[in-house]
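A.B. asks: Sequence:
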Amino acid sequence: MFEITLPDGKHIDSNLNESWLDFIKREIGAGLAKSAVAVSINDRLVDVSEPVQSGEMKVVTLKSPEGLNIVRHSAAHIMADAVTQIFPDTKVTIGPSIETGFYYDFDSPHRFSESDFETIEKKMAEIIKANIPFKRKVVSKEEAIELFSKMGETYKIELIEEINEPTVSLYFHGDFVDLCRGPHLPDTGFVKTFKLLSVAGAYWRGDEKNKMLQRLYATAFNSKNDLEQYLKMVEEAKERDHRKLGKELDLFEFSEDIGQGLVLWTPNGGIVRTVIENFWKKEHYRNGYELIYTPHIGRSKLWETSGHLDFYKEGMYSPMDIDGEDYYAKPMNCPFHIVLYKRKKWSYREFPFRWAELGTVYRYEKSGTLNGLKRVRGFTQDDAHLFCTMEQLEQEITRVLNFSIYMLKSFDFSSYKLYLSTRPESDFVGEVSVWDKAEEALEATLKKSGLEWELNKGDGAFYGPKIDILVTDSIGREWQLSTIQVDFNLPERFDLSYIGEDGQEHRPIMIHRALLGSIERFFGVLIEHFKGAFPVWLAPVQVALLTVADRHVETAQKLEKKFLKKGIRVKIDDRNEKIGYKIREWSMEKVPYILVLGDAEASLDKIPVRERGGKQISFEVDEFIEKINNENSGGVYF
RNA sequence: GCUACCGUGGCUCAGAUGGUAGAGCAGCUGAUUCGUAAUUAGCAGGUCGUCGGUUCGAGUCCGAUCGGUAGCUCCA
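Residues are numbered in the numbering used here as their position in the first sequence, beginning at 1, plus a constant of 565.
Read the hints as simulated data drawn from the structure, not as lab findings.
Any given hint could be a false lead.
[Unchecked claim] The calculated label-pair distances, taken between Cβ atoms and stated as ranges, are: (1) K1022 <-> E683: 17 to 23 Å; (2) I651 <-> V997: 55 to 61 Å; (3) E842 <-> Y795: 46 to 52 Å; (4) G717 <-> I823: 47 to 53 Å; (5) E730 <-> M955: 45 to 51 Å; (6) E707 <-> P616: 23 to 29 Å; (7) N607 <-> P884: 55 to 61 Å; (8) R1149 <-> N775: 50 to 56 Å.
For each residue, glycine too, the CB sits at the ideal point set by N, CA and C.
Produce the complete structure using the sequences and hints provided.
C.D. replies: Put into structure tokens, the structure is as follows:
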């Protein structure tokens, strides 16, 4: 007797030894049975061909996220089938579904390239069209090993040997067989549309000591429309790529002469950075921070004390010799801030301290990980270190969190996801009771914030718990920008203290925090978020004045003077070109406002303002200046 | 760092099977003074990333190196 509960709470008792598919057909409906790709029984996914069992069941259809995962996973098998048919010497390894599709890793004497895609896709289409059923078979490990060794599938054997169960499940479709937990589609025909995307190297089991395999990336969707939408989104991301826009808008540069991962800010990028930094400084003063400046290098003793030479050496550059003494370029600012702390004895009455610095650090990143502005070797952190008592921790964290959200909002990021990372299982410093108190403080802050947050249990750094903030950009991608980290380690290592109310020495709590992260990376994210069309307050040029003919230059200069006085970033274009030509150029530069000055504007009573996108509005000069000032985020930061 | 791919004038790109570099845009000079996304004529600009090799001859083949892209890995 099976007792089955449906999602609507209905109980069905059945004593038939039938498959889920038959059960669904009879008890729920033939229509649903047609689009059923799996069954969730007590939150475990199984094939629809599996026999019924007792529990809470839910039909998984193509449309659900789980359903799409199954489609993609099955498509991965189909791809592996196609590839091994076309290239028989190929060994299969693993092929899971991922967020945007699926991949399969192969070990093959054949060098895959995009030119193989068509052949593979054609073969896959054949397999799909044949509606070949997926069949599950549970066998003993020995049996499975025998099967795969006959086939020469050594990777599969390695996987089976590590499975701690007496049996394993195999999935067949046609002549293809793969070790797999499942579930899979009823048959290959359920894959509606797919596309091979790229080929890349990937280590066997993700370990760089192992052999490099060839990974074929692909994706599958339930409709052509979904696929097209996905491809469009990929296209859109390409269009927005900050490396492409950075070149087009002349915002930054890398040079072989200077070195990998080292950014040159051009005059245009320099303006944006200046605005960001000036805004940042002003807001920090307003929020109770004091700005400090520290050097780029420090003696090895400092890095020994801080522990960086023990734990972070791979990230640091080789030392330079100064008068026979080793100095290191800083990968972090904290030790310098701590040395500033140590210059005096502090009283609890003076707490908290909030010391901020736009500190430029240098970190060794493997060459393959470098990526435009997003991953560089020299960058400026918008760093700050707070020193406070345990009693002040919650209030300080709340303050930082609010400040962080305010800053992100100022740059047009309005959707956040927060993560609380807590004490790791092992390898952590400090007392458990201190950790607990700190974690409580962080959690209380998050709860009060009313923001969406999640717990990443055990994901904290060894030195303390932290809160990370992810923002969503204009095309839905997530970026981690802010991080707020409590540190129990460095105060200990540097023997920091303050005099408490009781006249005794106590250890202060230290908080590291960065709101924008790195200025370089943040700039990259901003470029992509705005697609290079910066809001007025950040735009390198805010207003372009275009003269129709030479006799209008004087008008332009008069206007320029007025704008400059008000701190508006303005450029005159008095070249001997047709007006359409100039408009095209400044439009492509994504300048927020273009003003065409001709005979009609000679008196400057009214000026015609062309907005980005082509809309034209007539303004009085003062009115327009006022408008720009309003758009300057409450101040001129340049 | 590893694997694959890529590297031609400021930018975007052409240059089958090796025979000694080409376009558009940008730049410069001239004509044009023309009102909301490219006026026109001419000129100039490249030791084809770099170094080495094969060859009578290499942008084209081979090796090394530098740089880039995708992914893997890393990110106390």
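A.B. asks: Work down the list of hints and note, for each, if the structure agrees.
C.D. replies: Hint check:
| no. | hint | result |
| --- | --- | --- |
| 1 | K1022 <-> E683: 17 to 23 Å | violated (47 Å) |
| 2 | I651 <-> V997: 55 to 61 Å | holds (58 Å) |
| 3 | E842 <-> Y795: 46 to 52 Å | violated (38 Å) |
| 4 | G717 <-> I823: 47 to 53 Å | holds (50 Å) |
| 5 | E730 <-> M955: 45 to 51 Å | holds (48 Å) |
| 6 | E707 <-> P616: 23 to 29 Å | holds (25 Å) |
| 7 | N607 <-> P884: 55 to 61 Å | holds (59 Å) |
| 8 | R1149 <-> N775: 50 to 56 Å | holds (53 Å) |
Going through the hint list in order, the structure does not satisfy hints 1, 3.
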